[in-house]
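Trainee: Residue numbers (our numbering), protein chains in the order written: chain D, 37 to 361; chain E, 37 to 361.
Simulated from the structure, these hints should not be mistaken for lab results. One or more hints might be untrue.
Since the list gives no way to pick one copy over another, a pair counts as held whenever it fits inside one copy or between any two copies.
As the list claims (entries may be wrong) - Using 27 Å as the maximum straight-line C-alpha spacing, the simulated DSSO-like pairs for lysine-lysine come out as follows: (1) K196 x K132; (2) K286 x K357; (3) K219 x K357; (4) K132 x K219; (5) K191 x K219.
Here's the letter readout for the chains.
There are 2 protein chains.
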Amino acid sequence: MKFGTRDNGTRDGELMVVSRDLQRCLPAGPDVTTLQDALDHWDETQPHLQKTADMIEKDLQLGSRTSDQTWHSPLPRAYEWIDGSAYINHVVLVRKARGAQPPETLRTDPLIYQGGSGIFLGPTDNIPLADIAWGCDFESEVAVILADTPQGTTKAQAEKYIRLVVLVNDVSLRNLIPAELEKGFGFFQSKPASAFSPFAVTPDELGPAWKEGRVHLPLKTWLNGKLFGDPNAGPEMHFSFHDLIAHITKTRAYTAGTIIGSGTVSNEDRSRGSSCLAEVRMIEKIDNGTMTTPFLQHGDRVEIEMFDTANKSIFGRIDQKVVPL
Amino acid sequence: MKFGTRDNGTRDGELMVVSRDLQRCLPAGPDVTTLQDALDHWDETQPHLQKTADMIEKDLQLGSRTSDQTWHSPLPRAYEWIDGSAYINHVVLVRKARGAQPPETLRTDPLIYQGGSGIFLGPTDNIPLADIAWGCDFESEVAVILADTPQGTTKAQAEKYIRLVVLVNDVSLRNLIPAELEKGFGFFQSKPASAFSPFAVTPDELGPAWKEGRVHLPLKTWLNGKLFGDPNAGPEMHFSFHDLIAHITKTRAYTAGTIIGSGTVSNEDRSRGSSCLAEVRMIEKIDNGTMTTPFLQHGDRVEIEMFDTANKSIFGRIDQKVVPL
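Turn these sequences into a full structure, and let the hints steer you where they fit.
Mentor: What follows is the structure in structure tokens.
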């Protein structure tokens, strides 16, 4: 199944069931009006949602055009947004960029932080940037949305708590990070609102690309219309979503609708490009001694999308422009 | 106005308007069923809620007894839980305890972290502790619940975005903190679910005790029935809630229902006791060279409450027992 949240003027929008080709959509209601509501009562809502999804797939005349709607992020706000940093290549490069060592437990203990989740940007919302000097960067990621997930979930049990897969642009303010991390309490001001892909899909929609808690497909990012990177999100995700779920459930439980991000998708093979500016800048420093690529400027445009092996878009496109606040 | 969330078998409970003396309550509905809903539509719901609050205050026969209900935390789950650490005395003692220096910006830049908010414990829920070796501690705090709060809110503007005041027990797993902070991304596993006081009150209910974004009253904590501390939450709160709001809104906006905590209430005057075990242990170490007070054991009971100058409870009591998971 594929879902989107239509902007109907309310905070949490209206849940729509979307056709596999992302062209058409039908309201999920009347009994389930928002995605949070569907996730809160999944056992009761899932059969009805599946019926609607089957209908729209069979009858090509059914539904309205997705292009006629404005789409929120699938969850316009969520109860938790937890972001991992599961691609070792990214961790090593970005720590080098700010003169910090990777933690000793780099390969054994996942890096993860709690992000703000009360207001997400929509997939085509502008990124408001009050000050260019903050060093605004994009981070292209994959994320999963959880069912109610108990404390003490093991890696082997984790799969059944993954309800949906989405893409994220985890916007970061690089120049605010060093001073903030220096204080010891993690990111805060350096992580403004993230944006998600217009459509969230059940893992089965990914077919064989969904394997062992990873999405084995390239994640494409364009900066100002030019391909910036297409690293594969699968093989180099050192900690899978199963690992991340086992990690976060050690000391507490999670409500349905909790979102976990993969961290910036990154491959060691440089020809695959990057999913954020910080990596490119670090590579420039390593190669030439100086960083020449600037962070995002007002007017810059970032697009993020993932295609299946038949080159069909799976989640729709994140397409955002940086603007003054 | 005072509010509580009755456990009616649903996730988010039923919003009740509570009498000033905390003895009686009336459903806030039918148009507003949860506290989140009331906060989401405050301008429309506030007049009706105020009418109900006035009614219950005038007619002493009205409503059901609060003692006949089970109370959730006022928001059983919230879109954001942000915890400050605004009492300098606490920061200095706890950092000493783990052999870390206070940050250089201790008095100019608030310490703050993003906590998990998807599942809170209720005010009388047990604290499930899987492993005594994690070093479980309580932290007695004051917190405020926000209205929709825009990016760039100044200290002078902050007051109008504070809708409600509550108490918190911010449970911490002290022995998991050093390794986690060492990784650089802040607290995660070391901060399990927090619990809140049964009742949330509008700032005007505090009378002159609510001043310049601080609550000028002692916050009492008992451990196993014995008074553990009653430090005043006002004068030594170095960063007021107004400061904290200005800090968090630098780079993003917040949804109604966002909660900000003060951090562990702490006074320099040792005769006021403490609001967490970590401080007592550090004082023992400074005075005697060794920490003798253990962290929480299974069976230990923590109670937190605040009284007005007439010795009336303002928020009801947090009363939790530590139990095996």
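Trainee: Which holds for K219 with K357 at a C-alpha limit of 27 Å: within a copy, between copies, both or neither?
Mentor: For K219 and K357, the Cα distance exceeds 27 Å both inside one copy (31 Å) and across copies (33 Å).
Trainee: As a check of your reading, is K196 near K132 (CA-CA no more than 27 Å) within one copy, between copies, both or neither?
Mentor: Classified as neither: same-chain Cα gap 37 Å, cross-chain 43 Å, threshold 27 Å.
Trainee: Evaluate K132 and K219 at a C-alpha cut-off of 27 Å and name the case that applies: within, between, both or neither.
Mentor: both (19 Å within a copy, 15 Å between copies)
Trainee: Please work out whether the CA atoms of K191 and K219 approach to 27 Å or closer within one copy, between two copies, in both situations, or in neither?
Mentor: Intra 32 Å, inter 22 Å, cutoff 27 Å: inter-copy only.
Trainee: Could you place K286 and K357 in one of the four classes (within, between, both, neither) given a Cα distance threshold of 27 Å?
Mentor: between (38 Å within a copy, 20 Å between copies)
Comparing the model with each numbered hint stated earlier shows that hints 1 and 3 do not hold.
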